[in-house]
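Chains as they are written, first to last, in my numbering: chain W, 67 to 146; chain S, 40 to 150.
Derived by calculation from the structure, the hints in this document are not laboratory data.
In this text, a Cβ means the ideal position worked out from N, Cα and C, and glycines have one as well.
Among these hints, one or two may not hold up.
Quick list of the computed label-pair ranges, beta carbon to beta carbon [as the list claims (entries may be wrong)]:
(1) N95(S) with D111(W): 27 to 37 Å
(2) R104(W) with N95(S): 26 to 36 Å
(3) L143(S) with R83(W): 33 to 43 Å
(4) Q69(S) with T97(W): 10 to 20 Å
(5) L143(S) with E80(W): 36 to 46 Å
(6) A72(W) with A53(S): 36 to 46 Å
Subject to a maximum C-alpha distance of 30 Å in a straight line, what follows is the list of computed DSSO-like cross-link-like pairs (lysine-lysine) [to be verified]:
(7) K115(W) with K74(S)
(8) K115(W) with K62(S)
(9) K115(W) with K118(S)
(10) K74(S) with K62(S)
(11) K62(S) with K118(S)
(12) K49(S) with K74(S)
(13) K118(S) with K49(S)
(14) K49(S) with K62(S)
(15) K49(S) with K115(W)
(16) K74(S) with K118(S)
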Amino acid sequence: MDETPAIETNELEELIRSALPGAEVAVTDLTGTRDHYRVEVVSGDFAGKTLVQQHQMIYAAVGGHMTQAVHALQIRTRTP
Amino acid sequence: MTEDLQNQIKADVAANPIHVFMKGTPEWPQCGFSKAVCDVFNALGVPFSATNTLENLDAYRPALLALTQWPTIPQIFVKGEFIGGCDILIEMHNNGELQQVLGLQAPVAAE
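Please build the complete structure, drawing on both the sequences and the hints.
Okay, here's the thing in structure tokens:
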């Protein structure tokens, strides 16, 4: 299988924070293998958005890393 | 071609009240998240149809992403609408929203 560079917890947090300024972001490496993460985000930008839209915002922030370096994100989103 | 596959996906979604793009089949899920989705629908006793994306994952992944802006599989469609992946389905199941969307009675909260 092809090797893809792993992404660090703080890099993921940075990507999400820059997409959602002011958000509270907590990323946990679930497996210790830097490719399955839990992402918890609290942001006012989620207001009025459906759960799907909120998760789509996170995926958009993580962008091309998804399915390359990151295989699975467990996402929890809420408004402050 | 990607466009053909997108049209096939749209047709599958339109033809089935609940359609899941998953890894493996409902009888033999090949991924824990796909299995969890099947478990939810089985627990509710509602029939659903499924596409095994492992038959051509390299084609399905970009085709689905283009339609849903959702990079991971499984992906669930109910009544023609994309509702999300495994986490959202489970959350909707737990809070009764899924039962509502499906026209089922929500479970009575314990106590």
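Comparing the hints with the structure gives:
1. A hinted range of 27 to 37 Å holds for the C-beta pair N95(S) and D111(W), which are about 36 Å apart.
2. R104(W) and N95(S) have their C-beta atoms about 30 Å apart, which keeps the hinted 26 to 36 Å range intact.
3. For the pair L143(S) and R83(W), the beta carbons lie near 39 Å from each other, so the given range of 33 to 43 Å is met.
4. Distance hint for Q69(S) and T97(W): a CB-CB separation of about 18 Å, consistent with the stated range 10 to 20 Å.
5. Restraint check, L143(S) to E80(W): a C-beta distance of roughly 42 Å satisfies the suggested window 36 to 46 Å.
6. Checked against the hint of 36 to 46 Å, the C-beta distance between A72(W) and A53(S) comes to roughly 39 Å, which is consistent with it.
7. In summary, the hint linking K115(W) to K74(S) is supported, as the alpha carbons are separated by about 27 Å, within the 30 Å threshold.
8. In summary, the hint linking K115(W) to K62(S) is supported, as the alpha carbons are separated by about 28 Å, within the 30 Å threshold.
9. Straight-line distance between C-alpha atoms of K115(W) and K118(S) comes to about 20 Å, which keeps the hinted pair within the 30 Å bound.
10. At roughly 9 Å between alpha-carbon atoms, K74(S) and K62(S) fall within 30 Å of each other, so this suggested pair holds.
11. A threshold of 30 Å between alpha carbons decides the hint, and for K62(S) with K118(S) the separation of about 21 Å falls inside it, so the pair holds.
12. For a cut-off of 30 Å, the pair hint linking K49(S) to K74(S) stands: about 23 Å separates their Cα positions.
13. With a CA separation close to 12 Å, the supplied pair K118(S) and K49(S) stays within the 30 Å bound.
14. With a C-alpha separation of about 18 Å, the suggested pair K49(S) and K62(S) falls inside the 30 Å cut-off, and the hint holds.
15. With a C-alpha separation of about 24 Å, the suggested pairing of K49(S) with K115(W) holds against the 30 Å cut-off.
16. The suggested pairing of K74(S) with K118(S) holds, with an alpha-carbon distance near 21 Å, which does not exceed 30 Å.
Going through the hint list in order, the structure satisfies each hint without exception.
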